[in-house]
Amino acid sequence: MGNNAWDGLPVGILGASIHNIGTAVAQQHLRNILVYLNMPTLNQPEYFFTWLDGMVDEQYNFPPQIKEFIQVWANAYAEFIEKISAK
1 MGNNAWDGLP
11 VGILGASIHN
21 IGTAVAQQHL
31 RNILVYLNMP
41 TLNQPEYFFT
51 WLDGMVDEQY
61 NFPPQIKEFI
71 QVWANAYAEF
81 IEKISAK
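Reading the sequence shown from the start, the letters are residues 1 to 87 in full-length UniProt numbering.
These are computed hints drawn from the structure, not numbers from a lab.
Fair warning: this is a prediction, and the values are worked out from it, not measured in the lab.
Careful, some of the hints might be misleading.
Claimed, not checked - So the derived label-pair ranges between C-beta atoms look like this:
#1 58 / 19: 35 to 41 angstroms
#2 61 / 86: 33 to 39 angstroms
#3 65 / 8: 30 to 36 angstroms
Unchecked claim - SDA-like cross-link-like pairs, simulated, lysine to any residue; straight-line CA separation at most 20 angstroms:
#4 87 / 27
#5 67 / 9
#6 83 / 9
Ideal Cβ positions, reconstructed from N, Cα and C, are used throughout, including at glycine.
Use the sequences and the hints to build the structure in full.
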């Protein structure tokens, strides 16, 4: 097998879909591929949401509760990267 440029790189997955299950299925498929590439993946918190009309305002801003959840995820991902990079 050749060199794997992706080997060991940390991954975080976020997703949105217009249907309830779309991003969940896509994310699981991606996770299966990432295992083969030996890429550690942030498992919690997971981020799935159904995209609805009016999800963002006229300036493309998310409502505060969505921003807060994304920030929680981003903080967890930053910690995950530090943990993986320290190995």
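Right, here's what the structure says about each hint:
{"no.": "1", "hint": "58 / 19: 35 to 41 angstroms", "in the structure": "violated (25 angstroms)"}
{"no.": "2", "hint": "61 / 86: 33 to 39 angstroms", "in the structure": "holds (35 angstroms)"}
{"no.": "3", "hint": "65 / 8: 30 to 36 angstroms", "in the structure": "holds (34 angstroms)"}
{"no.": "4", "hint": "87 / 27", "in the structure": "violated (26 angstroms)"}
{"no.": "5", "hint": "67 / 9", "in the structure": "violated (26 angstroms)"}
{"no.": "6", "hint": "83 / 9", "in the structure": "holds (12 angstroms)"}
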